[in-house]
Amino acid sequence: MNLVTPEFGLLFWMVVIFGIVFFLLAKFGFPVITDMVDKRSAKIEKSLKDADEIEARMAAWKVEQAQMLEKARREQSEILRQATETKAKIVADARTQAREEADKILAEAKLQIEAEKESALRDVRKEVALLAVQVAEKVLRQELSDEGGQRAFLDKLVDEASESDRPHS
Amino acid sequence: MILAFLISLFLQTAAIQPASVMPGSDRASETPDQVGGDDIDVAEIIFEHIGDEYEWHITEWKGKPIAIPLPCIVIDDGVHVFTAHHAEENGYTFNENGKLINAATGKRPIDISITKNVLSIMMSSLLLLIVILFTARWYKKHDVMQEAPTGLAAAVEPLVMMVHDIAKENIGPDYRRFSTYLCMAFLWILLNNFLGIIPFFPGGANLTGNIAITLVLALFTFFTVNLHGTKHYYKEIFNPDVPVFLKPIMPVIEVFSAFMKPVSLTIRLFANMLAGHIMILSMVCVIFIMAKYGPLLGGGMTVVSVLFGVFLDALECLVAFIQAYVFTMLSSIYIGLARAHED
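Just so you know, the protein sequences line up as chains A and B, in that order. If you read the first sequence in my numbering, its first letter stands for residue 3, the second for the next number, and so on. If you read the second sequence in my numbering, its first letter stands for residue -5, the second for the next number, and so on.
No lab work stands behind these hints: they were computed from the structure. Hints may contain errors.
As the list claims (entries may be wrong) - Straight line, CA to CA, 20 Å or less: simulated EDC-like cross-link-like pairs of lysine to aspartate or glutamate:
| no. | chain 1 | residue 1 | chain 2 | residue 2 |
| --- | --- | --- | --- | --- |
| 1 | A | Lys41 | B | Glu141 |
| 2 | A | Lys41 | B | Asp168 |
| 3 | B | Lys162 | B | Glu141 |
If we strip away everything but chain B, and leave its shape as in the complex, we get (with noise of 0.2 Å):
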């Protein structure tokens, strides 16, 4: 695998002298500030998946491409409404980075805008809230003494009953008030995981392989766990027992390593939804790379690069369930510790 990868990342720094004219991929021309016309940017287009942006790309129709705008929403001497189509009548611009920057100034103004992300939140959102609420509903007109869970109740209740008992084995006796939190976190993450690995829409965005999202999750948990603490959970950073000497020192450590520990939980989500996006689109991308050189080779790589992407998504498929586990495993233990008492 990793002697693919390295052959398609010298492939990709290959293709940036173009060898030859070939009709290339439906992706390169679809952005107006794409250099060579011809040429693929592997960086470019892998960045435009794994980003943010101001409508939803669907495909492209006959050199026209298809998109549901997005409305964009700034706050700057007031509110403003646009589409990203409109954002030059309205005074705003775009940076080198494709972020809407007021064009009389050039500052970012406070951008609330329902971008691709946002809007694949509310859609993930709503899906989680309809499925558990529909699980909810069955238990409520269900007799469970009576009958076995079917249908979405039976999908749903071992992964929540998973995530409550991990709750029961790390935070301890009132583990019940956490264990929701713990169930909504998992959920989110792994139903976002998985519509990251679609494709299409309405999956396709790239969310918890954002850095933003993954910061807020774990923001999330360091709330829950610093507003729990126990009394002993703070004599232990404030005051631990240990020799005087390292009395002074303690304190910093201990602070230090609480605000780690979301850190560490972001970057771990964030880090490796992306390079699984990352990776799929780089085998994704060695296809159109390979174009270039002929039937032969193109074709050869092509079933390559076919199988691997097969191997890679499956392998994502993994990811996406270990990290959503890991992330709720390590809240749930971050709470217990938090929950711990005088022994």
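Just chain A, with the same shape it has in the complex (with noise of 0.2 Å):
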């Protein structure tokens, strides 16, 4: 049977075809696609990478997103409440400052009062003393404008003096 033996014509022929095509294919063929599509695939791998670590850090810039909002709503409502705490105590201190004033203002007038009153006292007395004594002069001039009425009065004096003297019972 010549179907397993192997004729050397074609043998031959076929080295020769093969080599020069495997040749020609190893120079211009097959490296340039190989090599064109592995650089795609590499930048394929790259950009799905590269799309993760996007995502990636995206989920993190989310929930920082999301702890500064809670932290600034945090904040707010703190500042909220200090504000409301502060007003209250200003509001506060304002009336008790405001009663202290007018209670010393209320004082103070009333020192005034008590010491106008007092001066004016003063003055109504010493103006009563004056007239006392004009008048006292008055009815002294008319009375001792004679002998006997100058010695009933001296005695008088000593009379009251005298009483005067002794403690009060």
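Using the supplied hints, reconstruct the complex from the two chains, each of which is provided in its own coordinate frame.
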């Protein structure tokens, strides 16, 4: 059977043709294709990795953002609470201060009124005393225009003085 | 299927005794050394189709064969070039296998004729060359980062990358040096397997079912493997880590195994493709054999034959791919073994 005996001519041509085609394709054919496709695969892989990274970063950012928002909200409520407190305190302070001030003013006014009253009373007393002295002078002058009157008056004075020297019963 | 095949075999043997005179097939009368004029010699037809010829017989037209004449080139006492029709004038004749022999001495000269198979190698290799170079041109002209491959490149890229990935998986870090050879072997075998299924010109040559072709392919793998073997690979062959009493035997076994690898590659591809061709041709022959037994049986068997023929053709398409894949896969594994390093 010539089926299983390799023919020399066919071997020869096969080696030559296959060899030439292999050489040409090894130089200009397959490496071009595989290099390009490998380059593309590498790029796709890198892009996927980058995308994953970005996604992870985005997720981290989102968490961070949420945290910041939460913090800001907490701070806001804290500030509001403090403001309310401060307001209440200021109002209360103002109220007490006003009361104190009013009390002080009242006290001062009272004192002044007292003083005014005192001085007014003193003036009145002085006036009254002066009037009394003048009246007394006039009365005395009237009464003492005669000798007997002078004597009687003196006696009376002595009596009174002696009476006032004694302690009150 | 087996049953149908047995039936066809039975009918082939039965056909040797001529039952009746029928128009016969166009094939039956085309070869001059046909024995019985109206009888069908199935073996003859099949061997003509799977074998090699000095001309490319295409068809028959009004009793005259239409064939492409091919140059016979022989080196004997000098180079002689002629066509098969003029062999006698140049002092050559044909032996019982249809090969050229020197008419005077009866010896085979060095015969490097451009036969049907050689022409087929040329055409398919040229086709492969054009396809791959055009694809490569696409990749040079376009920016792969921006656009997906179209047309030819889109068709070739998956195949090339499949082989590239096989190489990557089986060979290791320096797989790039070898992926080119594997791509070449895979695409060449695949292309020729499919061209072999096409029953008319420019297909129909039984290339991958020819032992010379598969032997060359296997030898390419063999040399790729053994010329790139690492120190570790050769140490495993000639001085493996085995008990002392095995030391003298192991190198013999290993060397034998190294040589058996290309042989198995050769036979596997050759036998698979040849068997496929023979099965399909047998199915076709059944039609012509059965034509003798009247219109009823002939017509009935024709339907069966065509159905099985379609089935076998579909199977062959599958086998065409699988065998190309297996050859490439095994080659890459052998290369991978030869590129092994000490672990």
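Find the hints from earlier in the document that the structure breaks and name them by number, from lowest to highest. 3
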